[in-house]
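Next come the chains, spelled out residue by residue.
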Amino acid sequence: MAHASRRKFLTTAGVAGALLSLPALAQGSGGRVVVIGAGFAGATCARFIKRLNPNLNVTLVETSRTFTACPFSNEVVVGLRDIKAQQFGYDRFAAASGVVIAFATATAVDPQRRTVMLDNGSQLDYDRLIVAPGIDLRWDALPGYTEASVERMPHAWKAGPQTQLLRSQLEAMDDGGTVLISAPANPFRCPPGPYERASLIAYYLKTKKPKSKIIVLDAKDAFSKQGLFQNAWKELYPNLEWVGLSNGGKVNSVDAGEMTLVTDFERYKGHVVNVIPPQKAGRIAQLAGIANNTGWCPINPDTFESTLQPHIHVVGDATIAGAMPKSAFAANAQAKVCAAAVVKLLASEKPDEPRLINTCYSFVAPDYGISVANLYRPKDGMLVDAGGGVSPLNASAAFRAQEAAFANGWFKTITEEVFG
Amino acid sequence: MIGPAAIISAAVGLAWSGIATAAGVANAPPGALSCSGCHASAASVETPVPRLAGRDANAIVAAMQAFRAGQMPATVMDRIAKGFTDEEIQAIAAWYAAQKD
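One line per chain: the protein sequences are A and B, in this order.
Position 335, counted from 1, in the first sequence is what numbering that gives the first Met the number 0 calls 334; the numbers after and before it change by one each time, with no gaps.
Position 58, counted from 1, in the second sequence is what numbering that gives the first Met the number 0 calls 57; the numbers after and before it change by one each time, with no gaps.
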């Protein structure tokens, strides 16, 4: 009897507790946060917001159930790595983070009413919205390069089927063939990426198809880690030619049918043609009115709040982040700063002035790593370089191998922090 | 010039404030959360990069100052350390020292 009544009391209390807490939760007693995009930026941000204040309702909106990471995907392109090593689901993330994941696509944002519409018909209300959509490719920027061209001339700048397509094209190419890469003007995702890709393809050709060559046609004269890459190319890859802007490297148009890239002076025909086209912030950023006429999103560097729409923050590749490059490390670092700022703003507190690091490794060969590492701080509304630099130009093979080992460690560490 | 005694007392003071609240991450000083991009928070990650959580604060401060001065062999840490002030290094070191698994 006593037991029964005690059980009954507990049950009733439990139900009452649930009844009391449900409306409070639904209204978001601590606040409602919606994050769009579950890549390095968005997944990190959602996770840290929930960790910083477990009372907040955090909903993460993501189209895909599997994330395919871009860093290290150049190794997949040349057969040094399986695509599966790039892929992460969200089961562990959901269990560990307390973040609610909505597998849907955000189709509209109403900054006045503070709502996000999803393609499954539901609507999410927010007090703070974080937009982390990554990049979209610009189909209006390079004549001849359309969505229909990507099967013949893959971009492989969003990891996944495109990465595997470029890999299979390289495998199928006869020895003696020519590989072309078209590299875009700044800004774009992963500034050293085209040159890492060129290096690893040159490595692949040298070891597997030694009569073949690779030519990089570039819309600029200067690029990330340039001295390091060019030193290594001189030493390792006589089969690699880089043509900068001043030497007519800018690709003006593309003929996918002819597998040809057209510059001011020449028509380059390739057996494998990788076009890395100009880019802009992902679609939802354009729809939300947080991208300016450059196609990218201006932000306040202390909080990553959009300078165009209050209560909306932007992190990762979609941002105009001053001196910070569009890298996964930067996206992760920005997301943590943004998370801390959002939690403080929701509590009506003043966010700290942040410090952010970017460390970005590139492979010139499987055991030859190089890096750029910098600290950033806000100054006059921008994130400025506060010190750092690239790997030394003259270093031992052991030093390069150690950087390659650190690169591998970095990938494991960051993916565990973000998706684990 | 900050003497070793001042560094220790600053570190101890900050370490104490880090322990004072349950949510350690909420007290992370500027820059600290960027470190975990390479220095794993989870012990399970296989990486040659050392973990920072629970490490002695003075040892972290000494290493960062040696990296910055170019007196310790490094690949990237000499470059990263350049941008931090003594105060920032001390705050970050104290916070990591206070982090438990």
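Don't take every hint at face value.
[Stated by the list, open to error] Straight line, CA to CA, 30 Å or less: simulated DSBU-like cross-link-like pairs of lysine-lysine:
id : chain 1 : residue 1 : chain 2 : residue 2
1  : A       : 208       : A       : 157
2  : B       : 99        : A       : 210
3  : B       : 81        : A       : 411
4  : A       : 249       : A       : 157
5  : A       : 343       : B       : 99
6  : A       : 411       : B       : 99
7  : A       : 343       : B       : 81
8  : B       : 99        : A       : 378
9  : A       : 208       : B       : 81
10 : A       : 268       : A       : 208
11 : A       : 378       : A       : 349
[Said to hold, decoys possible] Looking from chain B toward chain A, a few residues come up when the C-beta cut is under 7 Å (computed):
id : residue
12 : 23
13 : 25
14 : 30
15 : 33
16 : 35
17 : 42
18 : 71
No lab work stands behind these hints: they were computed from the structure.
Fair warning: this is a prediction, and the values are worked out from it, not measured in the lab.
Backbone N, C-alpha and C fix where the C-beta goes; we use that ideal spot for every residue, glycine too.
Output the numbers, in ascending order, of every earlier hint that fails for this structure.
2, 8, 9, 12, 17 and 18
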